[in-house]
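Peer 1: As a plain string of letters, each chain reads:
Protein chains: 2
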Amino acid sequence: MKVLAILYKGGDAAKSEPRLLGTVENQLGIREWLESQGHEYIVSDSKEGPDSDFQKHIVDAEILITTPFHPGYLTGDLFEKATKLKLCVTAGVGSDHIDLNAAVKKGVQVLEVSGSNVVSVAEHVVMSILLLVRNFVPAHEMIERGDWQVSDIARNAFDLENKVVGTIGAGRIGYRVLQRLVPFDCKELIYYDYAPLPEAAAKAVNARRVEDLKDFVSQCDIVTVNCPLHEGTRGLVNAELLKHFKKGAWLVNTARGAICDKDAVAAALASGHLNGYSGDVWNVQPAPKDHVWRTAKNTLGGGNGMVPHYSGTTLDAQARYANGTKKIIENYLEDKAQEPGNIIVGLGKYESKAYGQR
Amino acid sequence: MKVLAILYKGGDAAKSEPRLLGTVENQLGIREWLESQGHEYIVSDSKEGPDSDFQKHIVDAEILITTPFHPGYLTGDLFEKATKLKLCVTAGVGSDHIDLNAAVKKGVQVLEVSGSNVVSVAEHVVMSILLLVRNFVPAHEMIERGDWQVSDIARNAFDLENKVVGTIGAGRIGYRVLQRLVPFDCKELIYYDYAPLPEAAAKAVNARRVEDLKDFVSQCDIVTVNCPLHEGTRGLVNAELLKHFKKGAWLVNTARGAICDKDAVAAALASGHLNGYSGDVWNVQPAPKDHVWRTAKNTLGGGNGMVPHYSGTTLDAQARYANGTKKIIENYLEDKAQEPGNIIVGLGKYESKAYGQR
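Sequences listed follow chains S and U, in order. Sequential numbering from 30 applies to the first sequence in my numbering. Sequential numbering from 30 applies to the second sequence in my numbering.
Possibly wrong hints are sitting among the right ones.
It does not matter which identical chain is used: a pair holds within one copy or between any two.
[Said to hold, decoys possible] Result set (DSS-like, lysine-lysine): computed pairs, CA atoms no more than 30 Å apart in a straight line:
(1) Lys-276 <-> Lys-44
(2) Lys-355 <-> Lys-318
(3) Lys-272 <-> Lys-44
(4) Lys-85 <-> Lys-382
What the hints contain is simulated information worked out from the structure, not anything from laboratory work.
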């Protein structure tokens with residue numbers, strides 16, 4: 030059996046840091062285990078175009094391992110070529126780089142390590158909210174370049190206390206964000222989701238649901254996006270929706286880049302309608318050198334908290350998703366039941382409602 | 030009566046942003062009110078040396094207003110010259126720039142606006158912890174310069190979950206930090222303070238007191254400094270104490286710069302003993318261009334989250350401390366009792382234990 034893993038390159042970092050498990054070099058720590066059972070294990074970061082290792086080996090791989098950080102895009106076309114494929118494992122959370130409808134049609138299972146990095150991402154969201162609202166990046170850059178002008182920073186620095194924070198999506202990550210915001214004494218925590226939270230869960234974070242998206246964003250000082258990418262959420266935060274944001278609102282997106290229209294976000298920053306944008310997800314990854322989100326700024330030259338896609342691949346998260354990936358493959362090989370929460374596509378049908386299936 | 034205020038210069042920012050109340054330009058919003066009662070109101074940022082406005086006007090001012098952000102250092106020598114001085118008001122929290130023993134001796138009252146920015150600072154602490162632990166600054170700089178190498182960031186990115194966080198000082202700010210950390214599922218929250226928290230308060234944040242400082246720091250993944258600067262805390266975090274920190278610990282100081290030895294901190298970063306240092310306070314403010322904390326880095330070239338002193342001077346905080354300053358002066362003029370929590374030095378005696386008086 031051939032197992033193919035598309036991971037990101039670790040370089041020198043991976044050589045000196047063995048806990049960087051999710052890299053080409055450290056291979057999720059499962060080579061020895063797979064080979065001891067007679068399986069072939071191909072690991073590469075080469076993923077684009079017909080000559081890539083991804084497209085070369087997908088034709089006879091039985092298991093495909095990918096991550097959201099350096100996604101191997103498994104399109105419908107590639108599914109046609111992947112005649113031996115039985116199982117896709119996402120080492121992490123978020124399987125939008127897999128054509129899930131094609132997986133259903135072809136009877137390929139798609140699993141995630143669902144609990145592996147939801148806390149990591151929720152922490153990144155809270156950090157991003159704080160650093161935008163408190164105007165951190167321009168302040169740090171001022172120190173680095175040798176300056177000191179408190180008023181230039183303070184003029185756009187606020188407290189999170191007494192602001193309205195809203196999450197688009199109150200699932201595994203969005204709810205953890207709400208939990209972490211409770212002691213910050215926000216004016217209100219609100220959420221937009223296709224289904225209401227269970228009563229006790231909503232009460233525990235004192236969050237109110239708003240059913241209309243435009244109405245929802247118009248009430249928020251800070252909007253955070255915590256929903257999966259699917260046909261219903263692609264381009265959700267576009268120029269039209271941004272018009273309904275409060276002037277001077279902040280937007281944080283660690284879900285998927287394509288949920289927000291990149292040019293509309295950049296334009297809203299430039300016009301002063303948005304005060305800041307932060308997150309780690311991009312419509313294409315790696316992001317091209319000239320991606321507008323690298324350099325988009327608000328009218329005061331700040332408001333950009335972008336980073337590469339790593340919030341869910343902290344060393345703590347890597348240990349969890351490497352273990353989880355092994356466990357999923359083990360269950361598959363031994364024909365044992367999978368953790369229900371990990372199954373996105375089961376045998377020929379969706380098991381999760383997270384990707385737009387209602 | 031002459032009222033002298035030493036504030037920071039706001040420049041263009043203050044002209045276009047009237048909420049920048051704590052600036053020379055916007056004068057805490059009390060000029061009209063003071064002058065309508067026949068008082069003289071001098072406002073300046075000039076504070077160093079015998080020719081400064083500070084030293085020129087302190088000789089006949091009855092009330093001195095200062096801030097921690099651009100501190101007018103009222104030394105014992107200057108107290109000798111300030112023969113008409115009756116009241117010092119700190120617009121903010123932290124009066125270590127006033128020689129408090131001299132104030133006691135001279136019968137000058139010292140008051141702070143004690144609640145005005147403790148939340149602002151506590152938020153900054155939580156932000157700083159997250160951005161060090163999660164390796165934010167190198168990640169953002171990577172995006173700005175057009176690169177994308179996830180492994181170089183992930184190799185030193187961790188979750189706050191399951192780490193031990195300890196605060197030196199569990200007072201007005203330190204306790205608010207602990208409250209905000211509760212939902213992050215840290216391994217443990219601990220504190221070092223001269224007195225234990227009331228039982229109910231300790232229980233509410235599930236924090237354990239450690240009585241010996243070396244023992245305390247040796248247990249922390251993250252140490253945050255939230256105590257006032259006084260004779261007992263100056264240089265508290267020095268080379269000797271740093272030896273007792275865990276290797277790879279992170280240190281956050283938004284209290285006062287002089288509590289940490291700047292060269293010892295920089296050396297600990299360079300050696301890899303500390304993984305990061307962040308905060309907004311400096312032993313001299315404005316910090317000189319060549320201050321080692323501007324450029325100190327860990328062995329991977331990151332771990333610096335320094336900013337100018339602004340955490341307590343967000344626009345939200347400025348509204349609160351401007352109001353509080355007016356209220357204190359109003360009470361003084363009308364001979365009304367002051368809020369007990371605001372009084373650091375009353376008439377001829379300390380009213381607060383925060384500055385080392387036990």
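Peer 1: Tell me, in ascending order, the numbers of any earlier hints that this structure violates.
Peer 2: Per hint list: 2, 4 violated.
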